[in-house]
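Enquirer: Listed in order, the protein sequences are those of chains A and B.
Position one of the first sequence corresponds to residue 1 (the numbering used here), numbered consecutively onward.
Position one of the second sequence corresponds to residue 280 (the numbering used here), numbered consecutively onward.
Derived from the structure by calculation, the hints contain no laboratory data.
A few chain A positions that, by computed beta-carbon distances, are all more than 10 angstroms from chain B:
1. L7
2. T10
3. T27
4. D58
5. K60
6. L126
7. G185
Straight-line Cα separation of at most 35 angstroms, DSBU-like style, residue types lysine-lysine; simulated pairs:
8. A:K279 x B:K479
9. B:K561 x A:K86
10. A:K69 x A:K86
11. B:K479 x A:K69
12. A:K195 x A:K127
13. B:K561 x A:K5
14. B:K422 x B:K514
15. A:K5 x B:K361
16. B:K367 x A:K5
17. A:K69 x B:K551
18. B:K561 x B:K369
19. A:K279 x B:K360
20. B:K551 x A:K60
21. A:K5 x B:K369
22. A:K5 x B:K360
23. B:K361 x A:K279
24. A:K159 x B:K479
25. A:K5 x B:K551
26. A:K86 x B:K551
27. B:K326 x A:K279
The calculated label-pair distances, taken between Cβ atoms and stated as ranges, are:
28. B:V476 x A:P272: 30 to 40 angstroms
29. A:E80 x B:R432: 47 to 57 angstroms
30. A:R105 x B:I474: 41 to 51 angstroms
31. A:V71 x B:V382: 39 to 49 angstroms
32. A:V71 x B:T570: 47 to 57 angstroms
33. A:E80 x B:R433: 52 to 62 angstroms
34. A:D44 x B:L579: 25 to 35 angstroms
35. A:D202 x B:E394: 48 to 58 angstroms
36. B:E355 x A:T61: 43 to 53 angstroms
37. B:G370 x A:D202: 49 to 59 angstroms
Quantities reported herein were computed from a predicted structural model and do not represent experimental measurements.
Positions of the beta carbon are idealized from the N, C-alpha and C atoms, including for glycine.
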Amino acid sequence: MVQVKALVTTHRRVAGDHYFMRLEAPTVAQRAKPGQFIHVQCGDSTLLRRPFSLMDVDAKTGAIDFIYKVVGLGTNSLTEIPAGEKVDLLGPLGHPFEIPAELKRAYLVGGGVGIPPLYLLAKTLLKGHDSELTSGAASSSRSHGSRVQVEAFLGARTKGWVICASDFRRLGIPVHVATDDGTLGTRGSVVDLLKSVVDRQDAVLYICGPTPMMAAAAALTRRKKLAAQVSLEERMGCAMGCCMGCVVEIAAEPAAAHTRFQRVCTEGPVFPAEAILWK
Amino acid sequence: MEIKLGKLHLQNPVMVASGTFGYGEEYHRLFDVNRLGAIVTKSISLKPRPGNPAPRIYETASGMINSIGLQNVGLEAFLKKKMPFLRKLKGPKVIVNLAGESVAEYVTLARRLEECERVDGLELNISCPNCERGGIQFGVDPKLTADLVGRVRRVTRRTLIAKLSPNVTDITVIARAAAEAGADALSLINTLLAIAVDAKRWLPRIATVTGGLSGPAIKPVALRMVWQVHRVLPKIPLIGIGGIMTAEDAVEFMLCGATAVEVGTANYVNPKAPLEIIEGLKAILSTRGLTSPRSLVGKLKTPQKLKGVPQMVSG
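All chains should be modelled from the sequences, with the hints used to inform the complete structure.
Expert: Structure, rendered in structure tokens:
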């Protein structure tokens with residue numbers, strides 16, 4: 001993890017209130033794993049940094065990409081930083097998606113601005129993840145193993161907000177879409193799309209989106225006894241594990257009192273879906 | 280840059296505030312924490328504490344509200360897992376912040392830490408606004424403050440600091456009680472009790488409704504309280520806390536009477552803020568031809584006799 005002033009090389013609106021930002025941050029690009037995030041100083045109008053999960057990294061060019069949605073003062077202030085300026089960031093941070101050694105099939109389930117981090121995961125899975133991403137034993141079996149079957153399930157409020165669908169298609173993976181208003185793909189929740197595929201017991205679901213959507217997906221995978229990982233979002237202070245501000249309540253009986261609440265910045269943002277106490 | 284705080288000699292007057300810097304190790308990934316004047320640990324309680332429900336933090340104008348609820352690993356895990364790193368540090372003094380539910384708990388904590396060689400000082404948290412029984416019950420009552428500080432004083436030879444709450448009518452009363460009971464120094468202020476509201480959903484932004492306000496928003500209040508206490512108790516060293524982001528902020532606190540400062544919320548904004556404050560302070564002193572930060576303490580130029588302003592000085 002490093003603190004750097006990173007040059008903004010691309011910054012544009014992609015859909016609705018969603019913006020794409022590319023930064024030059026070679027150290028972060030070399031070290032980041034799918035599911036990790038950066039903590040960005042968004043300008044002078046806010047005090048605290050804002051966390052953004054990485055959508056893509058390029059170790060060769062040093063580029064890191066993320067997409068954010070304008071939801072408040074911080075993200076609004078970020079929109080005003082043009083290409084050519086620098087932003088102060090910390091990263092890469094957090095516990096990444098876990099890729100089991102014997103993974104055969106991965107269903108990536110994204111909602112709204114939760115979709116982009118799944119793109120870096122998809123790319124990594126298709127590449128045949130390297131040793132950095134897994135434990136030693138896992139990486140050796142992976143190098144002999146077959147390719148992982150990856151499918152994407154993307155949901156959003158309306159057609160224009162289904163971000164990254166074309167990026168996933170360019171990777172050559174099947175993309176299933178649901179919109180709340182039915183303007184693209186199936187009408188309804190992306191969780192409904194899963195019901196037809198969740199009988200595949202060899203699949204691992206990777207889920208990132210609004211909390212109600214993740215809770216519904218988690219309930220489904222629990223019923224079907226499928227392995228699932230969720231990437232959570234929470235307001236953060238330090239993002240370094242110190243302030244204890246960004247916690248989530250754990251469902252499992254904790255080993256010790258002080259582990260009932262775990263930090264999204266450190267133990268997360270990726271947790272096993274069954275670990276979370278969904279409300 | 281060296282200063283004296285009770286029995287302790289700090290290499291510089293810049294400390295990091297409890298709860299904002301973990302146990303030192305976390306920030307050591309980003310910079311050499313050996314350069315700090317002192318590290319004040321996250322509050323330690325006798326038993327591990329789960330803390331308060333989420334959401335726990337919310338940003339407000341020039342500040343933030345938190346209600347963490349003293350989530351911490353507890354004394355035993357602190358000694359086993361967190362002390363080894365702190366023990367190795369060469370530069371900064373190690374101050375352990377203590378939070379108890381009863382006088383007996385504070386005394387037990389202080390006794391155990393008395394056996395721990397690298398612990399240089401104790402900061403008594405008698406001001407956490409987010410727990411019914413996390414210290415503030417002592418910090419708002421001069422008699423309870425005196426009793427607690429006195430009882431801990433009897434079991435420790437370490438530099439003893441009482442961290443005061445601003446959530447009182449007259450902070451000088453509590454300050455005097457702590458000083459007379461044997462505190463070597465006072466740190467002030469802890470956070471101000473506050474609320475943030477979501478007007479669209481008619482909900483509080485913090486799960487416990489109230490939380491503690493910190494950051495630049497509280498600096499003027501903190502300066503006023505440091506100044507008030509220094510006027511009444513000029514001999515006891517004060518550690519100024521409250522929205523210190525820059526070296527100039529630190530200078531302001533020193534002019535009002537602080538011997539040292541603790542940097543808190545700024546650590547979240549810029550993890551290297553304490554280092555920048557140390558360097559900035561050096562530069563400010565040298566520009567003025569001063570050799571020691573002590574030359575700044577209490578040097579605020581005020582009229583000899585203040586007329587027509589509320590004094591709030593306790594008898």
